[in-house]
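Chain Y is fixed; fit chain R onto it per the hints.
There are 2 protein chains.
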Amino acid sequence: MTSTSNFKIAILGAGTVGGGVARILLEQSEALGGRAARTLELAGIVDLFPAKCAASHGIDRSLFCGDGDELTPAQAKAETDRLLADPEIDLVVETIGGSGDFIVGLTRSVLESGKHLVTANKALLAKHGQGLFKAAAENRKSIGFEAAVCGAIPIIKGIHECFTGDEIISISGIFNGTSNYIMSKMEAEGQDFATALAAAQEKGYAEADPSLDINGGDAGHKLTILLRMVFGLDLAFDDLEVAGIEAIDSDDVGFADEMHGTVKLICYGERRGDDVFAAVGPAIVKRSNLLSKIDGATNAVRLQNRYSDENVLIGQGAGSLETGSAIVSDIVFIARYGDAALRPPHRSSCKLRPLRELELPCNIVFETADMPGITGIVCTALGRQNINIDTVSHNRHMRDNALFAIATMPCTMAQVQAAVRSIQGEHPNVLLSEPRVMPILV
Amino acid sequence: MTSTSNFKIAILGAGTVGGGVARILLEQSEALGGRAARTLELAGIVDLFPAKCAASHGIDRSLFCGDGDELTPAQAKAETDRLLADPEIDLVVETIGGSGDFIVGLTRSVLESGKHLVTANKALLAKHGQGLFKAAAENRKSIGFEAAVCGAIPIIKGIHECFTGDEIISISGIFNGTSNYIMSKMEAEGQDFATALAAAQEKGYAEADPSLDINGGDAGHKLTILLRMVFGLDLAFDDLEVAGIEAIDSDDVGFADEMHGTVKLICYGERRGDDVFAAVGPAIVKRSNLLSKIDGATNAVRLQNRYSDENVLIGQGAGSLETGSAIVSDIVFIARYGDAALRPPHRSSCKLRPLRELELPCNIVFETADMPGITGIVCTALGRQNINIDTVSHNRHMRDNALFAIATMPCTMAQVQAAVRSIQGEHPNVLLSEPRVMPILV
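Chains as they are written, first to last, in the working numbering: chain Y, 1 to 442; chain R, 1 to 442.
Next up, chain Y with everything else stripped away, as it sits in the complex (with noise of 0.2 Å):
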């Protein structure tokens, strides 16, 4: 197994993750080697800005390739294509970001090239992957992603190396650390929603432009790599119905309090016969699960498995060096186990279909008149489309009109839309806007 040449990789892109790359690829370098039993060697950094990027990881400036304080985009494509052609280097990080077709490109090229890749590019992979991970097998080379998903939770290889005498039923979790941010400062300080977005700008866990993070996209990103890997879809990102966090206010967390619950930004896939259902978007997470434990920017996974009930993994999922450790993770494992490593995408005959035609019981949350008998009208209505009421919430009764929720047990978001459309049908002036609904897990 061991080899006597050094396993060489090149990095291209030295930003947050790329350098923290470096930083414990240096750092660490004799544990790593006995890990992969063979010396692992930085060949070589590629950046627009290599004086920049060596002051600010630390990292010495003869390891970026080219000369001077920048690089021009041509000489840095220079530099990559050495790099790519130079047969002694083994495997490659992309570290540069971005879905375009310059990154799928380049990234293809690191594949035809006959270098293993290593990414925490999400995006990339949820558009692209399945171009890239056929590219991976033609050529028989590695696409390491742990990164990709969760940042230092290792659910990549939790997947293909640990979980293997079991059999994946569901997989949930909060894969996006912003918006949970968020939601615990709503839950624990009362906030309203932008002031908890300004504090998640403020602590530097949201970016100037958060869009991907509190719409959602960011963890359909995920949760399409991970379907792709656990139940062997072949899915592509907008498949995926994806909802974000943008309209929940105070009272959707007060009445998710009040049935001893939190919500969360929550990925979910289930597996019913060949049946695959799964969505992104805020749930309420009953305290009896493990993921309503989960606050801050942290990320959590849930496997509800055959034969060994649930497993929860929970870590850091952002950050230079949480994602650098990751990236190094599956550098060891390519370079340790070569070849065995190579794995073809999986494949099965399930099929995606939307979380809202699984039965799942869910929280109504309905803006009415305050007048009596609105309740029996809106319970009797969901009676009618056999529904089932598990609670009705305080009503908080505010004159001009009444906010009240009602928990159901298990039903389809279609039972629930017959049920609205029957009242605003049969009694046009009780519903005074569209009912919000969320799933409920226990």
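Source of the hints: derived by calculation from the structure; they are not laboratory data. Treat the numbers as computed from the prediction; the structure is a model and nothing was measured. One thing to keep in mind: the hints can contain errors.
Note that the list lumps identical chains together, so a pair holds whenever it fits in one copy or between two copies.
[To be verified] EDC-like, lysine to aspartate or glutamate: derived pairs with alpha carbons at most 20 Å apart:
#1 Lys293 with Asp309
#2 Lys203 with Asp309
#3 Lys293 with Asp257
Showing chain R alone in chain Y's frame:
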């Protein structure tokens, strides 16, 4: 990587765990073959009671070696010898249990016969692991032991394969489900120890003789195994300081609750330079620490890492299919990776030191005479030993005596004991019993 020959497995002992392994191998044959990249074949099972095992696990009797409903020990030995002599058998699962000469000799024979060994036997590995891992290295065979530490939680592969891009600074956790069930009952329902233990026995969590569960021995076996792996300690089980939960009472639980914590049986090991401070014993876990949120018979492992902060893995620590799934994951891994999965024992220059020598915040419960001036005497004595006081609890005045707790800032047990000795020396009538000390985990 794909081999045309089947990977053949023998199981020695088809009780709770071995029967679960056989069932999963048979039920999941196709999926497991895909993951291992070769067909896994259950070639034979040896058990003294084949008819009973076959019936209770729903396994065909023909998979068991020998004839009749029961085998004599001599017959079982002959069947075992035959399997070990069979060059086609690749891997042997030991699910007999025990840690005496018989099982030490048998497992050594497995390795010396040129077969991989997979076992859930934590007592065997804690007491005789050093010799067994040496035998494995000499014979170039793997020992799979995922199931020996926290059942279905993939902490062994987690350390070997997943957290390899980081440096583990400390490992802590709840490694014994029975004792955690008891502590959860005492906390949530105010039960005393004896009542909670009886409830655990009724639920089937505790054995008729629960001593290894409640005295910390079972948890200590698991910590011994992890300390060797993570920190490279050349550690014998008897080297580790181990305490149980037998002496915990409702006052301890109450004082913990007052400081927003809960009492748990905690395994702990932390590296500082070349010292590894470790022990098993009751500790107060603050609610800010995720381990405080693990209720019932569930297990959890928390890693504090240099680069990726904390990782927590939660799952089921026991059970037929739960433990069985962990064993099967080892079989898949060894079948897939072959020689590349071989690992020489990790040895470092680190030395074991008892946890009480590490400066940790701690909680001290004092039973004293109930009269004015006591708190001053106690706090003065602590201050003279340079112990900084965090909080003094609400005092339970009970006429004849008083009970109160002092939570300290980080200090060693030697400092605490010096303070106690000075109180006993200078004020012989103040302390009515030896103060009880527990570390506090934040």
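Quick rundown of the hints versus the structure:
In this assembly of identical chains, Lys293 and Asp309 lie within 20 Å of each other by CA distance both inside one copy and across copies; the values are 19 Å within and 18 Å between. In this assembly of identical chains, Lys203 and Asp309 lie within 20 Å of each other by CA distance solely across copies; the values are 17 Å between and 36 Å within a copy. When the C-alpha separation of Lys293 and Asp257 is checked against a cutoff of 20 Å, the pair qualifies both within a copy, at 13 Å, and between copies, at 18 Å.
In this structure, none of the earlier numbered hints is contradicted; all agree with it.
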